[in-house]
Amino acid sequence: MTNAVIAGYVRSPFTPARKGALAKVRPDDLAAQVVKGLVEKTGIDPNAIEDLILGCAFPEGEQGFNVARLITFIAGLPRSVGGVTVNRFCGSSMQSIHQAAGAIAIGAGDVFICAGVESMTRVPMMGFNPLPNPELYKAMPEAYMGMGDTAENVAAKYSLTRADQEAFAVESHKRAASAQAAGKFTDEIIP
1 MTNAVIAGYV RSPFTPARKG ALAKVRPDDL AAQVVKGLVE KTGIDPNAIE
51 DLILGCAFPE GEQGFNVARL ITFIAGLPRS VGGVTVNRFC GSSMQSIHQA
101 AGAIAIGAGD VFICAGVESM TRVPMMGFNP LPNPELYKAM PEAYMGMGDT
151 AENVAAKYSL TRADQEAFAV ESHKRAASAQ AAGKFTDEII P
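Under this note's numbering, the sequence shown is numbered contiguously, ending at residue 191.
Quick caveat, the hints were computed from the structure, so don't treat them as lab data. Please read these numbers as outputs of a predicted model, since none were measured by experiment. Take these hints with a grain of salt, some might be off.
What the hints assert, rightly or not - With a straight-line Cα cutoff of 30 Å, these simulated DSSO-like cross-link-like pairs (lysine-lysine) come out: (1) Lys174 <-> Lys184; (2) Lys36 <-> Lys24; (3) Lys24 <-> Lys157; (4) Lys41 <-> Lys24; (5) Lys157 <-> Lys138; (6) Lys174 <-> Lys157; (7) Lys19 <-> Lys36; (8) Lys36 <-> Lys157; (9) Lys19 <-> Lys138; (10) Lys41 <-> Lys138; (11) Lys19 <-> Lys157; (12) Lys138 <-> Lys24; (13) Lys41 <-> Lys157.
To be verified - Have a look at the derived ranges for each label pair, beta carbon to beta carbon: (14) Ala151 <-> Ile44: 31 to 39 Å; (15) Glu152 <-> Ser172: 18 to 26 Å; (16) Ile6 <-> Pro124: 15 to 23 Å; (17) Ala176 <-> Cys90: 12 to 20 Å; (18) Ile106 <-> Thr161: 18 to 26 Å; (19) Glu152 <-> Pro124: 18 to 26 Å; (20) Gly43 <-> Leu136: 43 to 51 Å; (21) Ser80 <-> Ser172: 14 to 22 Å; (22) Leu136 <-> Thr15: 30 to 38 Å; (23) Asn129 <-> Ala23: 21 to 29 Å; (24) Tyr9 <-> Gly146: 22 to 30 Å; (25) Thr161 <-> Tyr9: 17 to 25 Å; (26) His173 <-> Ala108: 34 to 42 Å.
Glycine is no exception: its CB is placed at the ideal position from the N, C-alpha and C atoms.
Please work from the sequences and hints to get the whole structure.
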């Protein structure tokens with residue numbers, strides 16, 4: 001069995017959802033810039049890439065269709081590079097890594113790009129038109145539980161107060177902003 005390794009990584013910058021510098025940027029365009037930047041940074045031969053495996057929690061609107069395949073075209077990758085969009089909601093991008101590692105392990109390819117795209121500005125929370133199955137919703141409403149409800153359940157289970165969570169989040173954002181201002185993320189942020 002072949003071991004998989006991560007040979008390079010980059011990401012887009014974080015900006016406020018509706019007021020940030022990226023609010024007017026299409027998610028497929030932003031992801032294509034990141035993919036193109038990764039290929040340039042690593043120096044990998046684009047013809048060696050088997051597939052772009054891309055996580056997306058809400059693949060609709062500008063990040064709809066098979067957005068992974070569309071991103072390969074926008075990024076200028078060869079048409080021989082496949083593209084597959086993976087949906088596991090908040091775990092979608094992590095799932096893309098698992099799928100690539102599994103494919104490498106069984107010999108189904110050597111080079112994959114794993115990524116994720118999600119616009120919190122251009123696709124609304126829960127998507128454009130959520131229509132749960134009425135019978136399933138009646139029998140099992142938890143099947144449609146979102147991250148907000150999940151977070152509340154985890155907080156109750158582990159006795160985490162909202163104040164504790166907010167303090168943790170504020171401190172995390174302060175540290176990230178400080179690290180970014182100090183140039184510690186310069187090599188990984190594209191554009």
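Which of the numbered hints are not met once you compare them with the structure shown?
-> 3, 8, 9, 10, 11, 12, 13, 16, 18, 21, 25
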